[in-house]
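Residue numbers (numbering that gives the first Met the number 0), protein chains in the order written: chain H, 0 to 271; chain F, 0 to 425; chain S, 0 to 287.
Hints listed in this document are in silico derivations from the structure and should not be mistaken for laboratory results.
This one's a predicted model, so the numbers in the text were calculated from it and none came from an experiment.
For each residue, glycine too, the CB sits at the ideal point set by N, CA and C.
Where hints are given, some of them may not hold.
In silico contact screen, one side only, chain F against chain H (beta carbon under 10 angstroms); selected entries [said to hold, decoys possible]: (1) Leu80; (2) Ser83; (3) Leu86; (4) Gly88; (5) Asp89; (6) Thr90; (7) Pro91.
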Amino acid sequence: MPHQRRLWIVLLLAWSLGPLLWQLYTSFCSDQALVAPLAATPERWTLAHYRAVLNSQPPFWRYLLNSLFVGTSSTLLTLVIALPAAYALTRLKPWIARPARLLLLAAALFPYVLLFLALLEVARSLHLGNNLLALSIPYAALSQPLAILLLTAAFRDLPLDLEDAARLEGMGLWQRLRWVLIPLIAPATTSTAILVFLFSWNEYPIALTWISDASLLTLPVAMARIAGSSIYSVPYGAYAAATVLGSIPLVLLVLVFQKSIVSGLTSGAVKG
Amino acid sequence: MTSALRRLQPWMVAALTMALLVAGSMVWVQARPTESVNILMPAPFADATQPLVKRFNQEHRGRIRLTVTRGPLETEAISDLAISSLLLGDTPFDALLMDITWVPKYVAADWLQPLDPWFGPEAMAALAEGVRAGNSINDVLYRWPLVASMGLLYWRTDLIDQPPRTPQELVTISRQLQADGRVPWGYVWEGRQYEGLSCVVLELVHGFGGFWFQPDQAAVGLNQPQAIAAVAWLRQLISEGISPEAVTNYAEPEALQSFKAGDAAFMRNWPYAWAELQQPGSAVRGRVGITTMVANSGDPSTATLGSWGLSMLRGSAHPEATATAMRFLSSTESQKALFLSHGYTPTAASLYRDPELIALNPILPQLEEALEHALPRPETPLYAQISDVLQRDLSASLTGQQSAAQGMERASANTEAILRSAGGTP
Amino acid sequence: MILLLGPAGLLLLVVFAAPLLHYAWLSNHADSVVTGLEPVLNHGANWIRLLQDQRFWQDATQTLRFALVSVGVELLLALAIALLLDQRWRGRGAVRAIALIPWALPTTVMALGWRWIFNTPYGPLDQLAHALGWPSLNLLANPAITWIATVVGDVWKTTPFAALILLAGLQTIPGDLYEALRLEGGSSWVCFRRITLPLLRPYLALALLFRLAQAFGVFDLIQVMTGGGPASSTESLALYAYLNAMRFLDFGYSATVVSGSFLLLLGLCLGGWLLSLGLSRPQRQQEV
Numbered sequence: 000m001p002h003q004r005r006l007w008i009v010l011l012l013a014w015s016l017g018p019l020l021w022q023l024y025t026s027f028c029s030d031q032a033l034v035a036p037l038a039a040t041p042e043r044w045t046l047a048h049y050r051a052v053l054n055s056q057p058p059f060w061r062y063l064l065n066s067l068f069v070g071t072s073s074t075l076l077t078l079v080i081a082l083p084a085a086y087a088l089t090r091l092k093p094w095i096a097r098p099a100r101l102l103l104l105a106a107a108l109f110p111y112v113l114l115f116l117a118l119l120e121v122a123r124s125l126h127l128g129n130n131l132l133a134l135s136i137p138y139a140a141l142s143q144p145l146a147i148l149l150l151t152a153a154f155r156d157l158p159l160d161l162e163d164a165a166r167l168e169g170m171g172l173w174q175r176l177r178w179v180l181i182p183l184i185a186p187a188t189t190s191t192a193i194l195v196f197l198f199s200w201n202e203y204p205i206a207l208t209w210i211s212d213a214s215l216l217t218l219p220v221a222m223a224r225i226a227g228s229s230i231y232s233v234p235y236g237a238y239a240a241a242t243v244l245g246s247i248p249l250v251l252l253v254l255v256f257q258k259s260i261v262s263g264l265t266s267g268a269v270k271g
Numbered sequence: 000m001t002s003a004l005r006r007l008q009p010w011m012v013a014a015l016t017m018a019l020l021v022a023g024s025m026v027w028v029q030a031r032p033t034e035s036v037n038i039l040m041p042a043p044f045a046d047a048t049q050p051l052v053k054r055f056n057q058e059h060r061g062r063i064r065l066t067v068t069r070g071p072l073e074t075e076a077i078s079d080l081a082i083s084s085l086l087l088g089d090t091p092f093d094a095l096l097m098d099i100t101w102v103p104k105y106v107a108a109d110w111l112q113p114l115d116p117w118f119g120p121e122a123m124a125a126l127a128e129g130v131r132a133g134n135s136i137n138d139v140l141y142r143w144p145l146v147a148s149m150g151l152l153y154w155r156t157d158l159i160d161q162p163p164r165t166p167q168e169l170v171t172i173s174r175q176l177q178a179d180g181r182v183p184w185g186y187v188w189e190g191r192q193y194e195g196l197s198c199v200v201l202e203l204v205h206g207f208g209g210f211w212f213q214p215d216q217a218a219v220g221l222n223q224p225q226a227i228a229a230v231a232w233l234r235q236l237i238s239e240g241i242s243p244e245a246v247t248n249y250a251e252p253e254a255l256q257s258f259k260a261g262d263a264a265f266m267r268n269w270p271y272a273w274a275e276l277q278q279p280g281s282a283v284r285g286r287v288g289i290t291t292m293v294a295n296s297g298d299p300s301t302a303t304l305g306s307w308g309l310s311m312l313r314g315s316a317h318p319e320a321t322a323t324a325m326r327f328l329s330s331t332e333s334q335k336a337l338f339l340s341h342g343y344t345p346t347a348a349s350l351y352r353d354p355e356l357i358a359l360n361p362i363l364p365q366l367e368e369a370l371e372h373a374l375p376r377p378e379t380p381l382y383a384q385i386s387d388v389l390q391r392d393l394s395a396s397l398t399g400q401q402s403a404a405q406g407m408e409r410a411s412a413n414t415e416a417i418l419r420s421a422g423g424t425p
Numbered sequence: 000m001i002l003l004l005g006p007a008g009l010l011l012l013v014v015f016a017a018p019l020l021h022y023a024w025l026s027n028h029a030d031s032v033v034t035g036l037e038p039v040l041n042h043g044a045n046w047i048r049l050l051q052d053q054r055f056w057q058d059a060t061q062t063l064r065f066a067l068v069s070v071g072v073e074l075l076l077a078l079a080i081a082l083l084l085d086q087r088w089r090g091r092g093a094v095r096a097i098a099l100i101p102w103a104l105p106t107t108v109m110a111l112g113w114r115w116i117f118n119t120p121y122g123p124l125d126q127l128a129h130a131l132g133w134p135s136l137n138l139l140a141n142p143a144i145t146w147i148a149t150v151v152g153d154v155w156k157t158t159p160f161a162a163l164i165l166l167a168g169l170q171t172i173p174g175d176l177y178e179a180l181r182l183e184g185g186s187s188w189v190c191f192r193r194i195t196l197p198l199l200r201p202y203l204a205l206a207l208l209f210r211l212a213q214a215f216g217v218f219d220l221i222q223v224m225t226g227g228g229p230a231s232s233t234e235s236l237a238l239y240a241y242l243n244a245m246r247f248l249d250f251g252y253s254a255t256v257v258s259g260s261f262l263l264l265l266g267l268c269l270g271g272w273l274l275s276l277g278l279s280r281p282q283r284q285q286e287v
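In isolation and in its complexed conformation, chain H is listed as follows (with noise of 0.2 angstroms):
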């Protein structure tokens, strides 16, 4: 038994991890090694496509500042809305509450893909394009149903006599909220936050739709801007040396926040 258990788990790690390492791989070959993998070539290991990479115009590192920028702002921003929302589906009557989580849950299955239409025409008429503070309004909006959910299931959790206690020492709602619930359901917060950033650092058609100036786009677009540039030889070097530098920060993101990861989406799962 633990020995076939370790054969699974190898086979894991290698499907997690294979199609990364191989193009960790690439990216250090240089151009030759690429064309002809077996043949014995003199100059195999090469930094070029980092640099290339590095020193593009615009530099690759200003995509993950965008991409950073954008998923700190929608964060926030969704936070700030649906820690409220959330809090007030607990202590609402159910008639009201029931609906409302269904609507949520629905909404948060929708594939948003389909409403990038009806998006661009937003962002055309209101002169919302090229701007990534712009960008975290729909980003927010549609991290509304996801956050609401699990955030929702945390303040379920929290005792009701500790809201009394804190209502009898006099306390208004937004002092409840403020000192004695929010920071009860912190850690409830932070998977949450990190889901949102995830997901807005990787939203693609939206921000496919709304930026088109080069020194503006997030990193999902910025790679796929490169891939559609192709030219004849083969520029899979580079290709693999930008994935290999845009999956560095999530790789550290999720390898330190596993557990918050883990927690926000199995109850999300369980209560959702």
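For this one, chain H is given, so just place chains F and S on it according to the hints.
Just chains F and S, lined up with the frame of chain H:
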């Protein structure tokens, strides 16, 4: 400069005047900053025009700074890139190298600047006749052609003395050559479901006396007997074994590969194929002739016009400087340079008779002749969609899933549905 | 109290409800370059075009095929991974974190990676085929098989998500249930059939529902990996809607394609729900 001043030292006044003049002129130059012009081109064109751009920037130093943005390789991806910025209302590009079929769409979206102020009738008269079409909408010029291309019939001079002129002749000659075992296949062409198939069929439909689509009357001619006959003829080529079955999956490279290996007597392709066929590895090197597409007697021999040209975008902040750059890039000298370095077929009429060029490429006169038969694809903003539905039904007809008549009836109905839904019919 | 819901409700209305109403309205209008990008009522012409549009129906079947196959494979893999991660062994946390990585990466990043892995002739798979003396696989240029390559890319990326949901489900199953059955002499397969699967059913349903809806809207992966080609054999409905708007500048028809896709999805969900009702009822009686 400093040494000049030192020599002038005794005449301090003169020196001062000089210094003031120099400073003044520098301020004057600063006051009129360099105008920057940015043109988006597909990667191969951006690479090919590098030396020209360098020369232009030397000649216009301090006044215009031209940069060419190297866009994607794929034709459609270039347009996607431009459209995504145009839709949001601010584009970093002053001009765009455009495929001929995009012009009506861009004009209908009101994204192009009329070029008439910069390219007048004399400039137009210097163009080869065939490339003048497709650049104007309602007599307003929106695009200036840079590189020409047209459909050609390649034939083997070692197998026959005279190329076929009618579809029937092409079939008869092919059958004979195949029966004699001199060549495995008669005719190879682009039969895959993609834009190239639309080009093949446009030529034949006109060669059979029909038409595809007339934008001014919104008339669809695909279900007319002539168009059906043209498609039935293509199907016959496959069913009779004159064209290989696999031709329904051929694009330009596959057709070229087959013809280059000596496996076919005839091939439909664009001018670029000529240079490829003269490469050392080619089995038919020096044994290839070109002519225009076959047509029924009395009907026009037709060559689908494909060309790339420069258009100015409405948002351009420097229209004058952009026009200067466009004129430079499309000048006779530039076209000659592009032909010599990359074999790009010119659009200037005079180059087709340039002895230096003819010595390098003896087919230039034939290309000019083919240009006279050139026909643009239907000039409608909805071209991409109507071409797509045509390709689908063509492909199904060529692979035998439906008859030519059924296929063209459906293509016709689908085209009309598109026109109605997009507002193309009154 | 209801005021606290205000901002969220407003955002959701603007981003979810308003677009759907807008689509319903726009799908009855011509709004293309021909009309100068202004909506003009066209009395259902878009819908007639949609019904006879071979490309739409081809994309619909392709999207469905993609969604069903990739979600099916994904759930099987996810179940295996969840069972593995549910056991106790050293280094489990680290492996779980690593298994999550594919899910966290932007789809476009690895779509580009897959393009290289499936590349002909330089990608590793083609090289392997070459070394074995096989003909070139031509994975991204053959209309008959390219869609399978896109399924692989999707399964790789989304399996961890499904696995986590199932893992959460596994962890709610009390261990003494298994012990009781094992005391009665049940093998591990019997345990799996009689305890794990039935108790996991709601989680399976949730993962299935969520993943099916998302796979139905597949866009990023296809756009970057194949662009919908070859010969639009991998084009999805979302990509077709996108092309109608951004490439053909036909917003009216794009809205119709979106609405049509939405109706199809709704129909599928309804059908799936009815089917699951029909399937689960007799089984429940069996258990009792």
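Could you check if glycine 88(F) really has its C-beta closer than 10 angstroms to a C-beta on chain H? holds (7 angstroms)
Return the status of the interface hint for proline 91(F): holds when the least beta-carbon distance to chain H is below 10 angstroms, violated otherwise. The hint holds - proline 91(F) has a Cβ within 10 angstroms of chain H, the shortest such distance being about 7 angstroms.
Chain H contact restraint for serine 83(F) - C-beta distance below 10 angstroms: holds (5 angstroms)
Does leucine 80(F) hold up as a contact with chain H if the rule is Cβ-Cβ below 10 angstroms? holds (7 angstroms)
Can we keep the aspartate 89(F) interface hint, with Cβ of chain H closer than 10 angstroms? With a closest approach of 7 angstroms, the aspartate 89(F) hint holds.
Chain H contact restraint for threonine 90(F) - C-beta distance below 10 angstroms: holds (8 angstroms)
Satisfaction of the leucine 86(F) interface hint, Cβ to chain H closer than 10 angstroms: holds (7 angstroms)
Every hint, counting from the list given before, is met by this structure.
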